[in-house]
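Visitor: Chain D is already provided as a structure; the job is to place chains P, V and U on it using the hints.
Protein chains: 4
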Amino acid sequence: MQRACTFERMRIQVGYELAYRCPKPTPMILTLNVHYSRASDLEAPDHLRIQPSVPSAAYRDSFGNWCTRIIAPAGLLTLSSTAVVRDSGAPDKVAPGALQHDVPSLPQDTLLFLLGSRYCETDLLSEVAWKLFSSTPLGWARVQAIVDYVHSHVTFGYEHASATKTAFQVWSDRKGVCRDFAHLAIALCRCMNIPARYCTGYLGDIGVPPSSAPMDFSGWFEAYLGGEWYAFDPRNHVPRIGRILIARGRDAADVAISTSFGPNTLETFRVWTDELPS
Amino acid sequence: MQRACTFERMRIQVGYELAYRCPKPTPMILTLNVHYSRASDLEAPDHLRIQPSVPSAAYRDSFGNWCTRIIAPAGLLTLSSTAVVRDSGAPDKVAPGALQHDVPSLPQDTLLFLLGSRYCETDLLSEVAWKLFSSTPLGWARVQAIVDYVHSHVTFGYEHASATKTAFQVWSDRKGVCRDFAHLAIALCRCMNIPARYCTGYLGDIGVPPSSAPMDFSGWFEAYLGGEWYAFDPRNHVPRIGRILIARGRDAADVAISTSFGPNTLETFRVWTDELPS
Amino acid sequence: MQRACTFERMRIQVGYELAYRCPKPTPMILTLNVHYSRASDLEAPDHLRIQPSVPSAAYRDSFGNWCTRIIAPAGLLTLSSTAVVRDSGAPDKVAPGALQHDVPSLPQDTLLFLLGSRYCETDLLSEVAWKLFSSTPLGWARVQAIVDYVHSHVTFGYEHASATKTAFQVWSDRKGVCRDFAHLAIALCRCMNIPARYCTGYLGDIGVPPSSAPMDFSGWFEAYLGGEWYAFDPRNHVPRIGRILIARGRDAADVAISTSFGPNTLETFRVWTDELPS
Amino acid sequence: MQRACTFERMRIQVGYELAYRCPKPTPMILTLNVHYSRASDLEAPDHLRIQPSVPSAAYRDSFGNWCTRIIAPAGLLTLSSTAVVRDSGAPDKVAPGALQHDVPSLPQDTLLFLLGSRYCETDLLSEVAWKLFSSTPLGWARVQAIVDYVHSHVTFGYEHASATKTAFQVWSDRKGVCRDFAHLAIALCRCMNIPARYCTGYLGDIGVPPSSAPMDFSGWFEAYLGGEWYAFDPRNHVPRIGRILIARGRDAADVAISTSFGPNTLETFRVWTDELPS
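Residue numbers (the working numbering), protein chains in the order written: chain D, 1 to 278; chain P, 1 to 278; chain V, 1 to 278; chain U, 1 to 278.
By construction, these hints were calculated from the structure, which means they are not laboratory data. Among the clues, some could well be false.
Chain copies aren't distinguished; within one or between two, either way the pair holds.
[Said to hold, decoys possible] Pairs of lysine to any residue, SDA-like flavour, derived with a Cα cap of 20 Å:
#1 Lys175 to Phe261
#2 Lys24 to Pro55
#3 Lys24 to Asp102
#4 Lys175 to Ser152
#5 Lys24 to Ser126
#6 Lys93 to Pro104
#7 Lys131 to Pro277
Chain D with its partners taken away, still in its complex shape:
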């Protein structure tokens, strides 16, 4: 699939504007910076602008993601950022020869990504997984079989979005959004002893027909094969260009773009990802 060619490097402008209304001061944790692994591709720091201005504190969570703690004041809070990211222009890596680790050869820090998590009930899906995939070839082909299965098993639709939907529920009712596709594929990979972790970030329409839907942050996943983590996207199903990672975790519970400790309403939600002239 991946042609032996060079890709045209590109510049991608990413950003968002989010506005929350809180009835009273509300602590929030924000995971809205470009991931450290892409920081060097930023043309300028991706400052999180907070209006009105409030004190903020940045830290790294246990997965290494940059998070920001603030106390949103009563009233309207606007969060925004815009950044230009340099990108190789290469689509997601495809490595059909990537081998599957047997469990004893998995590095310690991958083992956490074999366990069940809030939205990935490995215990409930284990039997399903082994029935479906135990006869597929090990390694890349097995992950691809899982991704193919999820892509065709689940119907996409924004109307199916639910913050509490789990992999098992996605498998049962066969409907979901990108995060649900990812959760089901993650759970199935883990059941087959392949470490898998959830990713969130920007993904634009570069190289594919433009979507009419409003942009959102995107959810995909990574599987650990042959000593490397590879990106897979069961929703879009084709290697894509210009994936800009924000955060990784066991599932979406770990990488919410905002976690609020109090009631609030989301009044504005805009995300953009555009190719710029280089």
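Guide: The following block gives chains P, V and U in isolation, referenced to the frame of chain D:
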């Protein structure tokens, strides 16, 4: 509640014998050593004995628990240990004055224990939690109210044990074992912005009427109040003596005593915890 | 010494620009992020910017420091960062009443910091240490006596800098830079059974006469007294304001800002630490 | 070297008797238990007997070794243990095909074993190492070249034993005991970017001509190649049978069988390792 008195120090013998039969060589992760925070109370190493002998590698997981990786050979595998632990003889600390942190004052490493996890669906229980507990006093009293509620809301019974039961299911069907009591209380604490984490370990009958049920490992939880983690046990509901921690995590998914990557049957399961003459 | 007063909180801008030239692709480990314990004081992530952009992976080493692995390409590699850190404005804590632990009461995780290490040969300095300090009062006063001794025994001079100089050599030839002062004091503390660990980070001229020397990263140490780690700085010898920690370890061998696995030349080296208007 | 054959399983009795005289109560850390990875080969727990009986506390250090803390009373303290260990009877593994990891592919937890340490001054030996070994084939052959070099470069003699001797000194004066051979080989491996760690344990005369020297604990090292740690013994230079590991660390500073925090004299020192009838 806690009387201003001194407690008689004691020696507690703990141990287990587990036997698994595997049809073929099966990778396993074992979390069966006394927790590092109690290691100084060990009179001698609590060597994990594996019969037949196989190579093993110890490591600490991301929560700090000591884990051991092995490949169980085909056939019968026996795991056993016995250790003598010195204990203060003091019951679980009771600190009615322990204050609740507001979210901004919580240390970073406690924040993970506010998020949902496999068996603690904070998203599903948030409304329930706020209805039940928003009028209780903050801090220790609120955690105690949650523990009281869980203790009276759920009926204990070994026949209700299920490896896939979640906090929400426990809340709905009101039946469970110690781990389920803990999961429900953890989820409710987190909904109320109180960090809570799952604990597993030994808990004998010291100071309480002996149980007729066969010993098992026990599950309880810790809540973060006033700068400290305190043990709570919604199943037993009274401060207990001689809790010997093995491991901590977000919920039971993180601290399984054994995680097997292949089919096997558990043929022997014995756990003991006995007070010795000091 | 520490007056019962409040300090004016301040904002400190810290940063660096380092450029390495490598004749061929060279693996590097970089320890260049603000320490996790200060992360909450960051106004925004202190992204490590790498030019040209190369893949990077962050991890925490066994001391908890954030490290980044990269492969520097052939040619010039520029590493830079800039961050604004909020600071209490308080000088290093002075606690003359801090007691010395007897060895049996030292927590397990401090014991490693009693052992010899690459640049702190406790075995060679033990006799010297006991002769010099066995009659000083235990606790804070003893550490202070060690710091006073090192400060007056060793002459500072950039021309004495040597990457291989050890505490014993510093003691013998009485010349060194800040890291050497720290190593000698660490070794002497350990000889006296006081856990001591090496620290590296930013230290500006706040509250002291500005230095004419070009800024560098600074080296100091921490000693464990009365259940806490306290910062000591035998080079500067007065409690200082605005110490921003990057990493801690047994000695400088553990916390090199960069460890290169191949030849390279350092072409640019700039470090800055400036107080900003708050 | 390793014949394609099966080895006769054997039973090895190991033990020691050490007696220390302390003028006053003296805290000690003892690393005298069989390593956890061999615990399952013990026919019975290898209890550390302390006479007179004093309270003891076992814990695992940051390398996973079992340590015991005691306070030796004034007067004579005798430490002893005897254990029977089952052994495969196989000599040290020889894997000439074991590949060398390039630095980027080394697991994180091996990186610590590339750094300098108390007795292994990688900074001082780097040039020597590259001159000697840069033209040798990578991987097993390079480690073997280092081991061969150390074996022939250094002359063994108990009279050369010195608790403060470092790898660089061994290289310079070409004399030493088993620990010195190991330190030099470790330092040279690390200089060549091969993780290497120090090991201490029991090693008897099984399969080799009996030595007339009194038994001592033995020092060897492990190098990380092809995803595994392999034992090498530059002192003995031939694969040996019946190596019983006690502890591992960066060098001998981390795994002293006893670390005393006060003066004392060693009055008895006996170690034994004997093959038993099986």
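Visitor: Between copies, within a copy, both or neither: which fits Lys93 and Pro104 at Cα up to 20 Å?
Guide: So Lys93 and Pro104 pass the 20 Å test across copies only (19 Å; inside, 26 Å).
Visitor: Between the shortest in-copy and the shortest cross-copy C-alpha distance, which are at most 20 Å for Lys24 and Asp102: within, between, both, or neither?
Guide: Cα proximity of Lys24 and Asp102: across copies only (14 Å, versus 52 Å in one copy).
Visitor: One pair to classify: Lys24 and Pro55, alpha carbons no more than 20 Å apart. Within, between, both, or neither?
Guide: Within one copy only: 16 Å inside, 40 Å across.
Visitor: Up to 20 Å between alpha-carbons, please classify Lys24 paired with Ser126: within, between, both or neither.
Guide: Between copies only: 18 Å across chains, 44 Å inside a chain, cut-off 20 Å.
Visitor: Are the CA atoms of Lys175 and Ser152 at most 20 Å apart within a copy, between copies, both, or neither?
Guide: Result: close within a single copy only, 11 Å intra versus 38 Å inter.
Visitor: When Cα atoms must be at most 20 Å apart, do Lys175 and Phe261 count as within-copy, between-copy, both, or neither?
Guide: So Lys175 and Phe261 fail the 20 Å test inside a copy (29 Å) and across (30 Å) alike.
Visitor: With 20 Å as the alpha-carbon cut-off, assign the pair Lys131 and Pro277 to within, between, both or neither.
Guide: Classified as neither; 49 Å inside a copy, 46 Å across copies.
The structure fails hints 1, 7 (numbered hints given earlier, in ascending order).
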